[in-house]
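Order-wise, the sequence lines are chains Z and E. Each residue of the first sequence is one higher than the one before, counting from 1 in my numbering. Each residue of the second sequence is one higher than the one before, counting from 1 in my numbering.
Misleading hints may appear alongside valid ones.
Heads up, the list lumps identical chains together, so a pair's fine if it works in one copy or across two of them.
[Stated by the list, open to error] Derived DMTMM-like pairs (lysine to aspartate or glutamate); straight-line CA-CA distance at most 20 Å:
(1) LYS324 x ASP138
(2) LYS60 x GLU269
(3) LYS306 x ASP138
(4) LYS306 x GLU343
(5) LYS316 x ASP31
(6) LYS291 x GLU123
(7) LYS318 x GLU46
No wet-lab data here; the hints were simulated from the structure.
There are 2 protein chains.
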Amino acid sequence: MTRRISKPLRIGKVTIGGNSPIVVQSMTKTDTRDIPTTVNQIKELEECGCEIVRVAVPDKEAAESIAAIKKSVSLPLIADIHFDYRLALVALQSGVDGLRLNPGNIGDKEQIARVVTAAKEREVPIRIGVNAGSLSADFQPDAPLVERMVNIALEQIRLMESLDFGLLKVSLKAFDVPTTIQACQKIADKMPYPLHLGVTEAGLPRTGAVRSAIGIGILLYQGIGDTIRISLSAHPCEEVFVAYEILKSLGLRQRGPTLVSCPSCGRAEVDIIALAEAVSKRLEKINKPVKVAVMGCVVNGPGEAKDADVGIACGKGKGAIFRKGEVVGTASEDDLLEALMAEINSPIGKD
Amino acid sequence: MTRRISKPLRIGKVTIGGNSPIVVQSMTKTDTRDIPTTVNQIKELEECGCEIVRVAVPDKEAAESIAAIKKSVSLPLIADIHFDYRLALVALQSGVDGLRLNPGNIGDKEQIARVVTAAKEREVPIRIGVNAGSLSADFQPDAPLVERMVNIALEQIRLMESLDFGLLKVSLKAFDVPTTIQACQKIADKMPYPLHLGVTEAGLPRTGAVRSAIGIGILLYQGIGDTIRISLSAHPCEEVFVAYEILKSLGLRQRGPTLVSCPSCGRAEVDIIALAEAVSKRLEKINKPVKVAVMGCVVNGPGEAKDADVGIACGKGKGAIFRKGEVVGTASEDDLLEALMAEINSPIGKD
Numbered sequence: 001m002t003r004r005i006s007k008p009l010r011i012g013k014v015t016i017g018g019n020s021p022i023v024v025q026s027m028t029k030t031d032t033r034d035i036p037t038t039v040n041q042i043k044e045l046e047e048c049g050c051e052i053v054r055v056a057v058p059d060k061e062a063a064e065s066i067a068a069i070k071k072s073v074s075l076p077l078i079a080d081i082h083f084d085y086r087l088a089l090v091a092l093q094s095g096v097d098g099l100r101l102n103p104g105n106i107g108d109k110e111q112i113a114r115v116v117t118a119a120k121e122r123e124v125p126i127r128i129g130v131n132a133g134s135l136s137a138d139f140q141p142d143a144p145l146v147e148r149m150v151n152i153a154l155e156q157i158r159l160m161e162s163l164d165f166g167l168l169k170v171s172l173k174a175f176d177v178p179t180t181i182q183a184c185q186k187i188a189d190k191m192p193y194p195l196h197l198g199v200t201e202a203g204l205p206r207t208g209a210v211r212s213a214i215g216i217g218i219l220l221y222q223g224i225g226d227t228i229r230i231s232l233s234a235h236p237c238e239e240v241f242v243a244y245e246i247l248k249s250l251g252l253r254q255r256g257p258t259l260v261s262c263p264s265c266g267r268a269e270v271d272i273i274a275l276a277e278a279v280s281k282r283l284e285k286i287n288k289p290v291k292v293a294v295m296g297c298v299v300n301g302p303g304e305a306k307d308a309d310v311g312i313a314c315g316k317g318k319g320a321i322f323r324k325g326e327v328v329g330t331a332s333e334d335d336l337l338e339a340l341m342a343e344i345n346s347p348i349g350k351d
Numbered sequence: 001m002t003r004r005i006s007k008p009l010r011i012g013k014v015t016i017g018g019n020s021p022i023v024v025q026s027m028t029k030t031d032t033r034d035i036p037t038t039v040n041q042i043k044e045l046e047e048c049g050c051e052i053v054r055v056a057v058p059d060k061e062a063a064e065s066i067a068a069i070k071k072s073v074s075l076p077l078i079a080d081i082h083f084d085y086r087l088a089l090v091a092l093q094s095g096v097d098g099l100r101l102n103p104g105n106i107g108d109k110e111q112i113a114r115v116v117t118a119a120k121e122r123e124v125p126i127r128i129g130v131n132a133g134s135l136s137a138d139f140q141p142d143a144p145l146v147e148r149m150v151n152i153a154l155e156q157i158r159l160m161e162s163l164d165f166g167l168l169k170v171s172l173k174a175f176d177v178p179t180t181i182q183a184c185q186k187i188a189d190k191m192p193y194p195l196h197l198g199v200t201e202a203g204l205p206r207t208g209a210v211r212s213a214i215g216i217g218i219l220l221y222q223g224i225g226d227t228i229r230i231s232l233s234a235h236p237c238e239e240v241f242v243a244y245e246i247l248k249s250l251g252l253r254q255r256g257p258t259l260v261s262c263p264s265c266g267r268a269e270v271d272i273i274a275l276a277e278a279v280s281k282r283l284e285k286i287n288k289p290v291k292v293a294v295m296g297c298v299v300n301g302p303g304e305a306k307d308a309d310v311g312i313a314c315g316k317g318k319g320a321i322f323r324k325g326e327v328v329g330t331a332s333e334d335d336l337l338e339a340l341m342a343e344i345n346s347p348i349g350k351d
């Protein structure tokens, strides 16, 4: 995959676009006016690997709260603005690092111009964040949905460029995966700014992670996308977890351990699913990017998982511990977990 | 996406390839020799939407058990054969509907020829199932992995074609997603048979579903793939669930309800995550392909989810019930779940 090289910009300390790594974003789910609770969630997000945090700004008090929140956190903050352009102005006064405007509801050209002027003074980037479900009803009502999404974004881009403002980032999101993909593909060729990817309102993690992985994964594999946000009805750290799993699967980012585990079958003589779950739980406490395998049979386990740094292949009543496909020890069934963890925790790559 | 049209074949009552729908497969995780337990799991798999089931055949007793299992189930059965070609012969005698052979370990040409002859007599298809981790070490050891996977499959295809056998299906699986994608793309152009897609040993559901969705989703979006199996360290019905989520996300199959739910943010005045979870749990009992939305704010909820058949948009202490973007009623916060379910259970599409 050849990456589309976009015009990079900085949101606080983080660079998005160009050759920079794909940036992981999320959004707080707390009341932004409740400063301690919001600060706490932002710190949780930083801990789990989130790189930029967006906060909802439903009213002036929320916009003003950004000033106090910023004093207590180090991650860049983006204000999510809908309906009322004046909230963007207050968020800018509060020192926000980025704005997200929804062109479907943000107001007329004059109002947008006021936001752009204020953002330009502070060199604060703006994301033009189009959602399939909230396009203005009177914008090209007879055009196909993908075309409407692309055109509404292009119209906003032209408006902001006409105001000599180029600190732009663009997103086109839909719940429908093919719509999201097509919209992003089309706009990617028509403008030079970084693309923020997401499948909107993707649902609960069990289904939303799959839906998001497909939509975002297909685009990233085509080299499209500079930052991603997974929209899940869940704690925002679950969004970050899924974001990294997507990026790890495509070899675009690395974070923490990777667990290879066989699905188990009629050959297995140990409860592989329970063992994989126990290993996964123990791996949560490990930060290094180690690849660990839990395999159901001794006969082909070490070979099947020879890419793994460390692994276990289970047989009747015992298992073989292996490193990079070479068996380095055995353990009885009761000791499998501890033996594997001991091997994981010993230095890797001695050879 | 334009689908690659493969040469269709039948596994029992199910057609794979050509213009047929993408078929969902899974594999039992029971001891195949334990006939009642295996039959029970196959029935669970049928119930959750699985269309073809594979069983492990580690020994002769397992191969013989297939005869008794087949008497009690209606789904087509495939025997998963490694190492010993004679197990394939016994599985065929037991009336199995398909074979999976791993070319990396199945034996020499003469042994394969004996299996092919027996399969041809019974018109039983064979899957040439290549796994990145179990290629014969002496097969093109210096070639890149993807090339080795493709070439070992092509060698087996040529061998079987030379025996005048064409009831073939092919898979090339790896844990690594780009490897899986590249191998499948390359072989898709080089032979006419259906492709079975999978990302092997993908791990536990939370990570494995994402990894599988990306690998399989990218290929399906390119029109490649006729049947899929998700390899998860979990109950096989979870594999089937994820398979359908992948297919539903790309509009390739439909099964059961789809839940659109917003991720929640600082605008929400109701616990959207808890409500979405409660709705999801209730939807498990519904089979019709209804699209349901749970949205966090009244202001843009119905619009954002106007594609949903039925939805709820929550405000302070109450919510609006909507159909296809039109508000049709309201409910107090305590009644939101029941009001939404009542609307879901009433006839849809009256207009």
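**Prompt:** Which numbered conditions among the earlier hints are violated in the structure presented, ordered from lowest to highest?
**Reply:** Hint check: 6 and 7 fail, others pass.
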